[in-house]
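Student: The residues making up each chain are set out below.
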Amino acid sequence: MSIDIRARHAARGLQGSVVLVTPVALPVVTRRHRISLIAGLAGALAIAFASMAVASMLPDTNPGDDTATINPSTIPDPEIPDGQLVVLPEKDGGVAAPAVYQKNDSSTAVKPYTRFIGTAAPGIVVVATSDFGVADTVVGSSGAFDLKLFFEGAPTGVAFPVTLSVGDVDHEFHFTWLWDPQNVTITAHQTYGSSGSPTPFEKFFGTAPPGTEITITSPYGSASGEAWEEGEWYLKVFFTGAPVGEAFPVNVSVGDKSFAFSFTALFDDTIEFTVRQEGTSSSSASPYTRFIGTAAPGTHILVQSAYGSDDLEVGESGEFNLKLWFGGAPTGLKFPITLSVDHEFHGTYYFTSNYVPTPSGVNLSQYNTESWDPAPWVKFHGTAPAGTQLVALSAYGSASMTVGSSGEVYFKLYFAPLPPAGQTFPVTLKVNGSVHGVYDFTSWSDGSVDVTVNQHNTTGTDYVKFYGTAPIGTLIEIVTGSYGSVSWVTESVNWLNKLWFSPKPAAGTSFSVTVKIDGETFGTYPFSTPGAVPKTAFNTYGSCSENPPFDVYYGTAPAGTAITISSAYGGATLTADGSGNWSKQVFFSGAPLNEAFTVTVDVGGQLFYLGMVVTSP
Amino acid sequence: MIERTTEEEPSHLRSIRAVPDFESFYRSEYRAVVGLAYALSGSRLAAEDIAQDAFLAAHRQWERVAYYEQPESWVRRVVSNLAVSAFRTKVREAGALARLKPRDEFLPSLAAEDADFWKAVRALPKRQSQVIALHYLEDRSISEISRILGCSTNTVKVHLHKGRQRLAHRLDERWEVQQ
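Those sequence lines, one after another, are chains A and P.
Residue numbers are given in this note's numbering: position 471 of the first sequence equals residue 471, and the series is strictly consecutive.
Here this note's numbering runs 617 ahead of the position in the second sequence, where the first position is 1.
It is possible that some hints are incorrect.
The calculated label-pair distances, taken between Cβ atoms and stated as ranges, are [said to hold, decoys possible]:
id, chain 1, residue 1, chain 2, residue 2, range
1, P, Glu640, A, Arg12, 26 to 32 Å
2, A, Asn368, P, Ala728, 42 to 48 Å
3, A, Ser2, P, Glu640, 39 to 45 Å
4, P, Gln678, A, Ser2, 38 to 44 Å
5, A, Val244, P, Ala728, 30 to 36 Å
6, P, Gln678, A, Asn104, 37 to 43 Å
7, A, Ser365, P, His676, 54 to 60 Å
8, A, Ile5, P, His676, 23 to 29 Å
9, A, Leu266, P, Ala728, 44 to 50 Å
10, A, Gly387, P, His676, 56 to 62 Å
From the structure, some residues in chain P lie toward chain A, with a derived Cβ separation under 8 Å [what the hints assert, rightly or not]:
id, residue
11, Phe642
12, Gly652
13, Tyr685
14, Trp691
15, Leu699
16, Trp735
17, Lys736
18, Cys768
19, Leu777
20, Leu784
21, Leu788
Keep in mind the hints are simulated off the structure, nothing from the lab.
Where is the CB? At the ideal position from N, CA and C, for every residue including glycine.
Pulled out of the complex, with its shape left as it was, chain P reads as follows:
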C-alpha cells in the first residue's frame, strides 16, 4: 500500500540550486589558485601540491562544497592557510621535487624585481601576506577578501594598510594610499 502525506516541504529544500560541476570548477579556478599558492609559498612545486590538496579536499566533499555560495572562496581560504607555513612548504617542495625530478629544469622563474616583491610579501605576517596576495594578485575587493579569509572588512583594511606600509618600507618604495 502506498501512503503519502501532505506535510509541507522544508523551505531549504525549495531553495536548492543546481550542483556546479566539479570539473568545470577545477578548470576555471586551478591556474589562479596555483598562482595564489605560489605567491604565498614561494615554491612553484609546493604551490601545485598545495593547490592539489585543496582541490582534492573540495572534490571529496564536493556535494557539500558545491552548495557553498562561493566554492572558489573556500578553496582560496584553504590554500591561503596551507601556503603560509614555511616548514610545510619545504616538506611539500621536497616531496614534489622527488616526484618531479625529470622536469626540474623546466621551472619558470620570475623577473628579479618581481621575485623580490613576492619574497617581501612572504616575509610579512601571515594575515598581511594573504591579504596582499589576494588584493594584488587576484584583484579581490575588501569584501571578497573578508569572505575568503573569514574575517571582517575592517580587519582586511587594517591588514592591507599595514602590509602595504611594511612592503613600501622594505622595498624602499614610495607608498601612496589608494584604498
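In isolation and in its complexed conformation, chain A is listed as follows:
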C-alpha cells in the first residue's frame, strides 16, 4: 500500500468516526441533559454552565421558552432520538435480547445493590432512582450499559420501588434487602503481608455479625476488637522487634473461626549515608539550597555557611530533606557550605546567589495581552526610578529602554516576524537584568492589512501630510496638479509621508490632492493655503410664513465665483463680490404648506443642501 492510499484511508477513517458525530447545529438543552442535572452530576452542571457561558457569545439559533443554546462541543447530539431503545440482536443472530433487565431484585449483602443491564442508543443518559440511592451512567458507543445502584439506609425485608430512566422512558422495578445481622458471613483479610517501615504494621479487615469479638495474635504484636453494627470489622496491629526478612505467623480469631496469616518485616536499620545538593544557585530574593539523602534514624546533619546554617536529626524513615536559607548572600559570589554528619566533617558544597535587588518604586503592568494589528506590539506601562534599565524579550523580537527623569514608563515591543495567529507566547520583562515577570501575549492577525489613508493637514504653505496602513510593498503616490508629487513603496504596514510643495502655492489658493494606491486613485483630498476665501453657503430663516414665502441665502467664495440657488419652487444666480461675500433673497411661489423641501446652493461647483419649509401665516 502506498503512503498516499494509506493516508487517504486514514483521513476517511477520521472523518467517519469523529467528524461526522460532531453536531453541526448549536444544540439545545434537552430532557436528557436535565435528567443528568437532576441526578446531581457535578460534571453535568459544569457542562451546562460552561456551555451557556460560551453560548452567550455565540449566535442564538433557536431561542425558545424551554431551551437554551449551548456550546456544541460539550454535549454530543446523536441522531437517534432521546429515549429510543435500541435492541441489539444476540451475537448468534438469535432472538433479540430484552432492552433492559434487573440483574438482582434482592440482596443479603452488608452493602446491598442492584444492577441494571441493557442497551440503548449511544449517548443516552440512564438514571436509576430510589428513596435510598441514585446512580447514573451514559450509554457508550457499544450501545450497552451496566448500572450498579447501591442503597443506603434501606429497610430490611421490605420491597421498595426503583425507577430506571433510559432517556425519556421510565422502567419500574423493585428491590428487597434481606440482610440478617446474625447471618453475616465471617471473613478476614490481610492488607499488606509485609512492610518496609521501621515500625511495621498490618491492617486486617472482614465481616462478621455485629458484636463478634476479633483477636489478632503474633509473637511481635497483638490487637483485639469487635465487629461493628454494619457487620464489618477492621484492626491495625503494630509489630515491634520482628526479625528482618523472616515471615512470622499471625493468627486472626473472628468469633469461633480462626484465620492464619503471615507477615514479614523488611526494614533494615543499617542505612547507608547518602546526600545530594539540589540547587547551587538562585535568582530569588530569598535564596536557598536543599540537601537530600538517607541516614540512620537519629543521625545529626549540620550545614554551615557564612550566610546561614541549619541542622536536623534524621527521623524514623531514614530519609532527610534539609532546606538551608541564606540571608545577605552577595550577588554573583560562589561561597562554600560545609556539611557535617554526627559532628564530623563530611564534605564541602557551594552556592551562588544571583539575586539583583529590584529598584524600589518599580511598578509595571502589561497594557495589552493580544492584538489584531498586522504589526502587533505589547506595551508595558507604569513607573520606575530614573535610570532603570528595562528589557522585553520574546521569540519575536526584543526591545530595551532606560527610564527617563519623569519616572514614567511607556514601553513598547513590536513583534517581528509576525507571530503565528492564535499562538500564545511568553514575553519576559527584565528590570536591571533581573526577571521582573513573564507575560503571555497572543497575536490573532494573519498578516493581511487593510489599506487606509488619513489626511493630517488640510491647510498650510509648505506641505501636505498623509498617513495610514497598507501591505508592505504597496506603491503609494501623493499627487497634485501644479505643486509636485511624491511616490514610494511601503516597507512597513504603517506608513506616513509628506509632499513638500514645489513650487509653493500662492496665498489663498485652493486645490485637490490625489492619493493613489498601486496606481489606482484611492481618494481626492482638499487643500488650501492661508488667505483663501472658503466656499460657504447659509440660509437666514429656514422657514417662512410670509406671502410670498422667501429666504435669504448668503456666504463666502473667491471673488467672481458663480453661485446658483435652485429648488422646485424657485431659484437665483449671482456671483461673489470682490470682497468674497455673496447674498441673495429667493422667493418660493407655489411651495406647499408645512412640507419641507431642499434648496441646493452651488458655490463654484461645491454643493450645499439647505432645508426650507413654508408655514401658515
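Since chain A is already given, all that's left is putting chain P on it; use the hints.
Tutor: Relative to the frame of chain A, chain P by itself:
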C-alpha cells in the same frame, strides 16, 4: 443647516462586499475544523476546545474576519497553530475532561491503523504535520495550504515531500511520488 461635499469616496468603500453570516460560516466549517484539530492534537476533547477557541476568536472580531478573502483559511491557520503544542493540548484535554466527564464513554475511536497513521503525523515536525493534515484530511491544494499557513507554495511542497518521506519510513510503507 445640512452641508454636503462632493468629495470622491475612497475606492475601498466602493469594493465592500456583503458580510458573510457567522452562523452559516460556523455551521459549514465546524465539523471539518474539529477534524483538523483532532488529526493534529490526537485528542477529540482537546480538538473541540481548540475549534471552539478559534471560532470564538473569529466571532469576537467577525466584522474584521468576515472581510478576509477566505475566513475559513484564517480559522484553519489558528487551529493549526493551537493544535500542534503537545503541552497545551494536554492542558485543554484535562480541562475538557473535567467538564465532559459524564460522556467520556462516548468518545469515538479510530481504527488501529488509522490511529497509527495520525500518531505518526503528529510525531512529524510542526509544519510538516500541518501540511500533511491539510493535504490529506482536507484535500487542500498546495496553493490553498500556502494561503492557510501563510507561507510560500515552495515551502509547502518541501514540507509535504519531507513529511510523506518520513511517514513512509515510519509506517514502513512504499512511498510513491504523486505530487
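Student: If you take the shortest Cβ to Cβ gap from glycine 652 of chain P to chain A, is it below 8 Å?
Tutor: Given a least distance of 4 Å, the restraint on glycine 652 of chain P holds.
Student: Classify the hint on leucine 784 of chain P as holds or violated, based on whether any CB of chain A lies nearer than 8 Å to its CB.
Tutor: With a closest approach of 6 Å, the leucine 784 of chain P hint holds.
Student: Is the interface hint for leucine 788 of chain P satisfied, with its Cβ closer than 8 Å to some Cβ of chain A?
Tutor: holds (7 Å)
Student: Can the suggested window of 30 to 36 Å be confirmed for the beta-carbon pair valine 244 of chain A and alanine 728 of chain P?
Tutor: violated (54 Å)
Student: If I claimed the Cβ atoms of serine 2 of chain A and glutamate 640 of chain P lie 39 to 45 Å apart, would that claim hold in this structure?
Tutor: Given about 41 Å between the Cβ atoms, the range holds.
Student: Given a hint of 26 to 32 Å, does the C-beta separation of glutamate 640 of chain P and arginine 12 of chain A actually sit inside it?
Tutor: At roughly 28 Å between Cβ atoms, arginine 12 of chain A and glutamate 640 of chain P fall inside 26 to 32 Å, so the hint holds.
Student: Close enough to count: is the Cβ of tryptophan 735 of chain P nearer than 8 Å to one in chain A?
Tutor: holds (6 Å)
Student: Go through the hint on tryptophan 691 of chain P and say holds or violated, using the shortest Cβ distance to chain A against 8 Å.
Tutor: holds (5 Å)
Student: Answer holds if the nearest beta-carbon of chain A is closer than 8 Å to that of tyrosine 685 of chain P; otherwise answer violated.
Tutor: holds (6 Å)
Student: Per the hint of 37 to 43 Å, is the separation of the Cβ atoms of glutamine 678 of chain P and asparagine 104 of chain A within bounds?
Tutor: violated (59 Å)
Student: Tell me if the beta carbons of serine 365 of chain A and histidine 676 of chain P are separated by a distance inside 54 to 60 Å.
Tutor: Cβ of serine 365 of chain A to Cβ of histidine 676 of chain P: about 28 Å, so the range 54 to 60 Å is violated.
Student: Could you tell me whether the CB distance from asparagine 368 of chain A to alanine 728 of chain P stays inside 42 to 48 Å?
Tutor: holds (46 Å)
In terms of the numbered hints stated before, the structure departs from hints 5, 6, 7, 8, 10, 11, 17, 18, 19, listed from lowest to highest.
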